[in-house]
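Enquirer: This is what each chain is made of:
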Amino acid sequence: MALIKDGAFVDDAWTTVGDDDPVPGDQPAIVGFERWQRDRDQLLARGAPLGVRLSSDQPPALIADDLGHFDVVALEFPRFGDGRAYSYARLLRQRHGYTGEVRAVGDVLRDQFLFMHRCGFDAFEVTDQTEIGHWQQALSEISVVYQPAADDRPPAPTQRAAT
Amino acid sequence: MYRYDEFDQTLVDERVVQFRDQVQRRLSGELTEPQFKPLRLMNGLYMQLHAYMLRVAIPYGMMSSEQLRMLAHIARRYDRGYGHFTTRQNIQYNWPKLPEVPDLLADLAKVQMNAIQTSGNSFRNTTADQYGGVAADEIEDPRIWSEIIRQWSTLHPEFSFLPRKFKIAVTGSPNDRAAVRFHDIGIVIVEGDGGEIGFEVLVGGGLGRSPFVAKTIRDFLPKQHLLSYLEAILRVYNQLGRRDNLFKARIKILVHETGTEEFARLVEDEWAQIKDAGVDLSVEEVGRIKAYFAPPVYEALDADVAEFRAQRDADPDFDLWAGTNLAPHRQPGYAIVNLSLKPEGGPPGDATADQMDRVADLADTFSLGEIRVTHEQNLVFAHVRQADLHELWTELTAIAMTTPNMGLITDTICCPGLDYCNLANARSIPVAQRISRRFADLKLQHNIGELRIKMSGCINACGHHHAGHIGILGVDRKGEEYYQITLGGSGAEDASIGKVIGPAFSEDAVVDAVATVVNVYVAKRKDGERFLDTCRRIGPEPFKEKLYGAH
Ligand code: SF4
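Here the protein sequences come in this chain order: A and B. Position in the first sequence (from 1) plus 23 gives the number in the numbering used here. Position in the second sequence (from 1) plus 346 gives the number in the numbering used here.
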């Protein structure tokens with residue numbers, strides 16, 4: 024598994040912890056939503072950064088009041104065709120005002136990269152570490168967007184107004 | 347009509363380059379077929395029974411003559427010399443070769459056309475009333491809003507992986523020619539109490555395995571909020587639509603299972619949060635798009651064209667055609683002309699490259715260089731002077747496009763069926779052809795009057811059989827092709843779902859069964875009653891009795 028952030032492969036400082044696995048006391052850790060609910064106090068008592076992982080049937084409204092505790096929210100794509108997390112990412116960014124890392128995990132393919140980026144994802148766990156160039160190309164090969172989303176690409180209607 | 351600006355053109359051009367790269371990766375073996383599949387589906391490329399099929403969008407049915415000539419060129423260069431117009435204002439080519447598809451798309455891009463999202467679980471081509479801007483009964487031009495939806499729904503980052511495909515249709519007239527009540531979202535332009543124009547919004551219509559007529563979730567939406575309201579509907583659907591069962595994934599099932607009121611509440615709650623968040627277009631941008639659809643400059647003509655009247659009197663064939671294939675135009679002295687793609691014995695909706703070229707030329711001469719395709723799989727010239735009709739009719743007759751059968755029994759809607767489609771249970775085109783021959787006698791057809799037959803080769807209902815006055819559905823009975831008949835459906839403003847009349851008929855018996863149904867109607871109808879009206883009045887029993895009673 025490799026992590027793309029800010030247009031490059033980076034070392035992943037985070038450990039994803041299973042629901043019944045021990046949580047390292049001093050390292051950044053991502054836990055599932057159920058674990059967060061169950062062990063909230065212990066998790067907060069640790070001295071290390073915390074992240075939460077939502078499966079595709081767990082909307083961000085579930086953690087809206089807790090977002091201040093998380094440096095990472097990981098949203099799962101169980102299959103690339105399950106597009107719920109696109110809405111979740113936009114809701115995190117645009118409704119709940121979350122500014123930490125929104126990480127795409129699961130079936131993350133380069134052909135969906137642009138859509139994810141537009142919806143507010145800024146980190147991507149991918150299996151295919153072959154060429155970072157391909158991933159960068161995926162962000163730039165279509166330069167026109169028609170709708171506002173959670174990114175700063177100016178939509179065509181806005182650009183038309185400016186010309 | 348709308349013309350691409352630099353932004354529209356750039357997107358389509360970039361898309362071609364992107365797809366060329368994806369095809370290259372497939373041909374070199376870097377991508378396996380399973381990996382390539384979702385990519386080609388984003389570009390309307392299906393794997394069919396014998397070959398690839400490419401579906402090209404004709405947004406809300408509008409084409410220039412230049413575009414139609416390109417479609418003819420593509421039929422010749424990449425296919426076997428013809429194309430098939432579908433019920434969703436697309437054209438399909440059944441024989442393109444994969445290595446050539448990028449070139450084909452590049453040719454399309456040259457005339458501002460594309461195949462983006464003509465398949466896959468995202469927005470499909472936005473369809474509209476084919477008489478947009480010219481119909482006498484229109485409140486406002488649906489094409490403006492269709493184009494606005496087209497742009498907003500193109501490569502939408504949040505909604506490109508919906509639970510299932512998503513179809514939106516728009517009508518600007520109370521007489522629904524776009525079957526909006528059988529779409530995932532139907533938009534009807536309406537006049538509010540104060541005379542203000544807005545939209546009635548319907549959701550959850552659809553055919554297929556579980557047919558539903560769409561439900562109204564908002565009686566009046568102020569115009570400027572169309573996109574934010576659509577975004578709210580889609581956001582609810584994207585999160586809550588079922589993804590566990592392909593057959594329950596359409597929004598119609600979500601609306602049905604949630605209940606219309608509750609669904610409407612979810613949408614309204616979401617909308618309340620985003621209605622002022624910048625999704626909607628500015629008044630200026632709406633105005634910019636609207637300007638493309640400004641009415642053309644018409645000649646000032648008398649409403650009564652003596653020449654046209656005289657020609658009708660003198661030529662009974664012409665008169666017959668004028669009686670069925672014309673529609674009232676809002677401009678005095680003009681007419682809307684329907685070109686039939688349902689010749690006797692021909693596959694419904696097919697056109698050859700030569701026909702397309704000729705139609706393009708005739709459109710230049712007679713109809714301001716513009717052609718429209720209808721959801722009933724015919725073509726339309728929207729701006730013809732009545733004084734030119736006889737000449738146009740003569741020219742169109744030479745290319746077999748004047749069958750005077752609009753809305754009649756041989757104006758069948760028909761899906762490709764087992765001849766092309768790998769999901770089919772049965773052939774549909776040959777049955778449509780046989781019906782068309784059986785009722786070829788024009789006097790007979792005209793005597794029967796309005797009767798819409800719609801036929802699908804399987805339960806996916808691409809031929810809208812549930813919405814047919816008579817619906818025919820291909821079913822498989824122990825490996826044999828059988829045909830189930832439904833009666834009483836309608837795709838218009840009085841939308842209804844046809845009811846199965848009884849056990850299915852064999853291939854040999856199905857055309858006779860249709861004839862029996864028609865005979866019952868003719869015997870029972872009261873003055874001026876359409877087939878559908880009689881059917882609704884007398885119910886299924888009289889038909890059943892004649893169809894099955896003797897056995
Ligand atoms: S209705 Fe069935 S047979 Fe006909 S085109 Fe659709 S999927 Fe194919």
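You may find that some hints are simply not true.
To be verified - Chain B is faced by these chain A residues, among others (derived, beta-carbon under 8 angstroms): (1) ASP49; (2) ARG69; (3) GLY104; (4) ILE165; (5) TYR169; (6) ALA184.
Claimed, not checked - The calculated label-pair distances, taken between Cβ atoms and stated as ranges, are: (7) B:GLU352 - A:ASP29: 27 to 37 angstroms; (8) B:GLN381 - A:PRO51: 28 to 38 angstroms; (9) A:ASP130 - B:ALA452: 42 to 52 angstroms; (10) A:GLU124 - B:ASP539: 29 to 39 angstroms.
Treat the hints as calculated values from the structure; they're not laboratory data. Even glycine gets a Cβ: it sits at the ideal position worked out from N, Cα and C.
Enquirer: State for each hint whether it applies.
Expert: Hints versus structure:
no. : hint                                    : in the structure
1   : ASP49                                   : violated (37 angstroms)
2   : ARG69                                   : violated (32 angstroms)
3   : GLY104                                  : holds (5 angstroms)
4   : ILE165                                  : holds (5 angstroms)
5   : TYR169                                  : holds (5 angstroms)
6   : ALA184                                  : holds (6 angstroms)
7   : B:GLU352 - A:ASP29: 27 to 37 angstroms  : holds (30 angstroms)
8   : B:GLN381 - A:PRO51: 28 to 38 angstroms  : holds (33 angstroms)
9   : A:ASP130 - B:ALA452: 42 to 52 angstroms : violated (31 angstroms)
10  : A:GLU124 - B:ASP539: 29 to 39 angstroms : violated (50 angstroms)
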